[in-house]
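Participant: If you're matching them up, the sequences are chains V and P in order.
According to numbering that gives the first Met the number 0, the residues represented by the first sequence are 0 to 337, in order.
According to numbering that gives the first Met the number 0, the residues represented by the second sequence are 0 to 337, in order.
Hints may be right or wrong, so weigh each one.
Note: identical chains are not told apart, hence a pair may lie in one copy or across any two.
[What the hints assert, rightly or not] SDA-like cross-link-like pairs, simulated, lysine to any residue; straight-line CA separation at most 25 Å:
#1 LYS185 <-> GLU278
#2 LYS148 <-> GLY180
#3 LYS191 <-> TRP255
#4 LYS11 <-> SER316
#5 LYS257 <-> THR56
#6 LYS191 <-> ARG132
#7 LYS271 <-> LEU45
#8 LYS233 <-> ALA90
#9 LYS217 <-> LYS233
Simulated from the structure, these hints should not be mistaken for lab results.
Protein chains: 2
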Amino acid sequence: MNVAVDAMGGDKAPHEVVKGAILAARQFSDSEILLVGDEKAIQRELDSYEVIPKNITTHHTSQVVSMHDPATYSIRQKSNSSITRSVELVANGKAAAVVSAGHTGAAVAAATMHLRTLEGVRRSGIAAPFPTRHGMCLIVDVGANIACKPIHLYQYGVMAAIYSKYIYDVENPRVGLLNIGEEDAKGNDLAKETFALFSHSHLNFVGNIEGREILDGKADIVVCDGFVGNVILKFGEGLAMSLLSEIREEAMKSFWAKLGLLLCKPAFVHLKAKMDFAEYGGAPLLGVNGVCIICHGRSDSRAIQNAVRVALQVSKSKVNEYIVSGLEKVCVPTANVT
Amino acid sequence: MNVAVDAMGGDKAPHEVVKGAILAARQFSDSEILLVGDEKAIQRELDSYEVIPKNITTHHTSQVVSMHDPATYSIRQKSNSSITRSVELVANGKAAAVVSAGHTGAAVAAATMHLRTLEGVRRSGIAAPFPTRHGMCLIVDVGANIACKPIHLYQYGVMAAIYSKYIYDVENPRVGLLNIGEEDAKGNDLAKETFALFSHSHLNFVGNIEGREILDGKADIVVCDGFVGNVILKFGEGLAMSLLSEIREEAMKSFWAKLGLLLCKPAFVHLKAKMDFAEYGGAPLLGVNGVCIICHGRSDSRAIQNAVRVALQVSKSKVNEYIVSGLEKVCVPTANVT
């Protein structure tokens, strides 16, 4: 099974991406890793290794999407970019999945254009794994779709439940709707209409989830529009880092507190490991006809290696088939399908 | 100067609210605190004090808005509730300000109905103080208005800048727009149109602020719609509490880590104090014709005392006058004023 890796995508590309691809190629020796990007830049990285796994090949592209390019521009003007070419390899059947830590908007646009959405899917959505106090929760969408309609959010719930079941082995995943209150009638129009759709669905809908409840593990899936999801994902990352830094800075002000911090370091190591996005192997773009794993822009080699692991796991599963049949089965009142 | 305090509002009412009112009455002996609510319940609390400050009076109401009442219901069906009566005391000129830790939706609805908005103000918005790494930031709106238009967000920026200047002494406050990217063209339609309004304004607009940047202190004011603001405020609170608990739980697993935690306790105490909403004295509902301070539902006596302090400070300032003249001065392209 082949996985296309966008070698130019991410803050630490191509160095960490190539390193991650090599680690993945060693770990999954029966798979092929296709490194897509500037062949000279990739070769320079490969040259620093004594042995390069045989299951790594390079696919040259002349363009790179910068983080400042608008997503639509990147698709129209940079058709030979590493992200577009990576997605095309999947579209042409030359790879089963694509992994990218580059421009998220460009990856979503390229995947939507070249892979298309699965039958019945209205919009694709990114499902980001988020560590809670009692395990893991998928927040969907975290930035693919910032103009959501109720039917989009509803389908995110259906798709993420299937993903959670087949990839995380969660039996009957609990689906929650991010909202500003627990009561049924709370929220803006989008939330109210989506609540009605979920209430009449076959899903294990656990109702509204408030911001402070995301981490309580009340739901395995928290559905929200891509704007809100993106904001909270980034805010959470910033807040966690900020709190840990502040504790450290404060403790550094006295000898005893500094010693104390050293002694309780294992607790911080545990917490940092739990919050480490690199462990989770990226976030799937659910709903496209193929497998597309979106990684954090600051991904290191371990994050890329884990993303390839997830890409292979999803490709081998029948998640996309189950999504199509899962959406066929569901019955949504036509008034809400707009 | 009189301050009406909703004695029945909040998870710890009336006990902590009455206690906070007594503390405030002692601290601000030249002001009058009007405790509004069930007189028997209030009297039971007052009976436990040996000396009750003379500048405390009780105003009986027979109804209480429960946290489960929809905001509109609370206004229509519970006209003799403690929150409605408190707001009416301001509307009738018997109090300069109202403080409530009760149902936020009911407080906003009562204030909007009985105080009305200031001339030129389209929607009121709650400006919540949020501790950043380098001071304080006002996030507005955090739940008063969940169906925002660009003009509402724009006015929040104008009003919060005036509040920040006259209450926090921030010269030329930096106003940022919460968005999913730093680039100008990012975001949903609401964000894009609001960006355009801010760009052409007299405000010290510092552009888009991403979720992870809120805590960096890049802006003194972060503007967002009430749905997003409410979600991140609650999410932030949940995440901070969750992280601190997890560190504690992990450290408790070993003797040395437990000792370490004890030694670096000052760092945690510092952080907890910084994050303690009770310090900040509640969030003003900006844009209503009067002073309305919304407190956290879990407010204790110190939070109520500080909220009375803020209520008095805002009442003595000319913030509302400056808001009216500030909005008169600004020129907004009519196409966006919808």
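Participant: For each hint, tell me whether it holds in the structure or not.
Facilitator: How the hints compare with the structure:
1. LYS185 <-> GLU278: Answer is neither: 35 Å inside a copy and 29 Å across each miss the 25 Å cutoff.
2. LYS148 <-> GLY180: Both, since 20 Å and 21 Å are each at most 25 Å.
3. LYS191 <-> TRP255: neither (53 Å within a copy, 50 Å between copies)
4. LYS11 <-> SER316: neither (30 Å within a copy, 51 Å between copies)
5. LYS257 <-> THR56: neither (49 Å within a copy, 51 Å between copies)
6. LYS191 <-> ARG132: neither (28 Å within a copy, 36 Å between copies)
7. LYS271 <-> LEU45: Cα proximity of LYS271 and LEU45: none, with 31 Å in one copy and 48 Å across.
8. LYS233 <-> ALA90: Answer is neither; intra-copy 31 Å and inter-copy 42 Å both fail.
9. LYS217 <-> LYS233: both (21 Å within a copy, 15 Å between copies)
Hints 1, 3, 4, 5, 6, 7 and 8 from the list above are not met by this structure, while the remaining hints are.
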